[in-house]
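Enquirer: Chains as they are written, first to last, in UniProt numbering: chain H, 1 to 280; chain Z, 1 to 280.
These aren't lab readings, by the way, just hints derived from the structure by calculation. Keep in mind that the hints are not guaranteed to be accurate.
Claimed, not checked - Straight-line Cα separation of at most 30 Å, DSBU-like style, residue types lysine-lysine; simulated pairs:
{"id": "1", "chain 1": "H", "residue 1": "LYS250", "chain 2": "H", "residue 2": "LYS280"}
{"id": "2", "chain 1": "Z", "residue 1": "LYS270", "chain 2": "H", "residue 2": "LYS163"}
{"id": "3", "chain 1": "H", "residue 1": "LYS280", "chain 2": "Z", "residue 2": "LYS270"}
{"id": "4", "chain 1": "Z", "residue 1": "LYS128", "chain 2": "H", "residue 2": "LYS102"}
None of the values given here were measured: they were computed from a predicted structure.
Below are the chains, spelled out letter by letter.
There are 2 protein chains.
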Amino acid sequence: MKSILLIGQSNMAGRGYLSEVPAIYNENIEMLRNGRWQMMAEPIHSDREVAGVGPAASFAAAWSQDHLAEKLGLIPCAEGGSSIDEWASDQVLSRHALSEAKFAMESSELIGILWHQGETDSLNGRYKEYAEKLKAVFEHFRQELGLPELPIIVGTLPTFLGKTGFGLSAVEFEEINQEIERVVSELENCYLVSAENLTANPDGIHINGESQRQFGIRYYEAFAKKTDIPTALGNEDEQLSKIYGRATTKNEKIYLLSRDFALGKLDYQKFIEKFTEITK
Amino acid sequence: MKSILLIGQSNMAGRGYLSEVPAIYNENIEMLRNGRWQMMAEPIHSDREVAGVGPAASFAAAWSQDHLAEKLGLIPCAEGGSSIDEWASDQVLSRHALSEAKFAMESSELIGILWHQGETDSLNGRYKEYAEKLKAVFEHFRQELGLPELPIIVGTLPTFLGKTGFGLSAVEFEEINQEIERVVSELENCYLVSAENLTANPDGIHINGESQRQFGIRYYEAFAKKTDIPTALGNEDEQLSKIYGRATTKNEKIYLLSRDFALGKLDYQKFIEKFTEITK
Chain H
1 MKSILLIGQS NMAGRGYLSE VPAIYNENIE MLRNGRWQMM AEPIHSDREV AGVGPAASFA
61 AAWSQDHLAE KLGLIPCAEG GSSIDEWASD QVLSRHALSE AKFAMESSEL IGILWHQGET
121 DSLNGRYKEY AEKLKAVFEH FRQELGLPEL PIIVGTLPTF LGKTGFGLSA VEFEEINQEI
181 ERVVSELENC YLVSAENLTA NPDGIHINGE SQRQFGIRYY EAFAKKTDIP TALGNEDEQL
241 SKIYGRATTK NEKIYLLSRD FALGKLDYQK FIEKFTEITK
Chain Z
1 MKSILLIGQS NMAGRGYLSE VPAIYNENIE MLRNGRWQMM AEPIHSDREV AGVGPAASFA
61 AAWSQDHLAE KLGLIPCAEG GSSIDEWASD QVLSRHALSE AKFAMESSEL IGILWHQGET
121 DSLNGRYKEY AEKLKAVFEH FRQELGLPEL PIIVGTLPTF LGKTGFGLSA VEFEEINQEI
181 ERVVSELENC YLVSAENLTA NPDGIHINGE SQRQFGIRYY EAFAKKTDIP TALGNEDEQL
241 SKIYGRATTK NEKIYLLSRD FALGKLDYQK FIEKFTEITK
């Protein structure tokens, strides 16, 4: 089994509305819960009550299409609103994320980090020290994980920032993006993913559900090809159609049926009937 | 700040339907997220997609009424379906729960454990070795946390088990309850909480939302009075009315307004209007 560490702030944790996009269930995609693996169900993060769709689910689904016989586990450690300073080596967020990653590594091989952060640092000239701090975060994680060449995929900040709602204060996102690009170009095995053409929730700061699905496809393209993705891809929606159109397996059907029964959506007799039908 | 560790299986994690009971928000009640504290919002656990109402929210709300100037933090580490063997000292669940508790203890004083487990062990004569194993779990946690006298509050298994749905297999819940009672009576600072008159979800194994709220009141009564609660209390619903009737503070209003804005339930202009109204 392989695994991927998810760190950064809210747009990595995910705030896209679940009701806006088709769900992704895949028995080969799991998420870390209490140090163990469970089948992925969004929201993958639970950093806030408003956690929703992030880039990780479609990233994992795209990975899974290329690795049909393997499992991928997602390690959710992104934290809404966190600044780059809160990811310094002595801070709780990084110590906790490393702790979670080490639990995951007891039963998986960590093959990458997905990172998205910077909205909180897009003001008051913070960009001037951002590159140095970001580089230190990446180097610290690689060192502590004992994986000096671990691939790190880094999304840029969306261009809808600085305009409205909770995004209003992020006026220096272009400066932060320049610093992100610089760090990525300076580090080995570090790849950039463009946030071009992504759409915001009405709050003006969070990437919406549909755009997060597209963003995840770009993250996977960067990971798979080991290359920067400097613009939107042409075929994101086509790839998502393939993911959504995947046939549900027997195990997934049993999972979904059991979930619906636990939620009181059908009675026991109907549950048994459907269970028998699936497993016959 | 004080804190409470939540461990056990699904009925501690919570499977009551959130739609069934009034929500509890209280700026003095927090929950551990990424090693840090956030205001409590249910579900407190995220062990499974179906996580919902457990006993912890009403426990904390009752505690808060008696400690108006203090904060309480909840550490969610219960795991759906886990057996007593999966809580042995060398297992991931206990190692992970201890790791989470230690992050919490960097910024809080741990004052107790709430435990509920045993459904998974209510078959095949497992009760014969249950007491010994349960005792070992409690002793291990106290030792590793460096708190040999840490209060542990232990709920019994509900009498609706063994009858229908997912509860069908739990035929030896009465034997398990006898073993739980024995362990509690043998350990210092360990108190029993009766599951008398609790009602199940349609799945026949999970305590419903309303009953979980009552159960939490009983857990708090045992914790506060340092005594066993061998039957239902007479005044649970009265206590819950007081909790539900508590006036919402300014900080809680800002939290709820910001949440609704993030969820797209109101536009930015309306958000600003309401925000101005709350903070004027």
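Enquirer: Could you work out which of the previously given hints the structure breaks and list their numbers from low to high?
Expert: Failing hints, ascending: 3 and 4.
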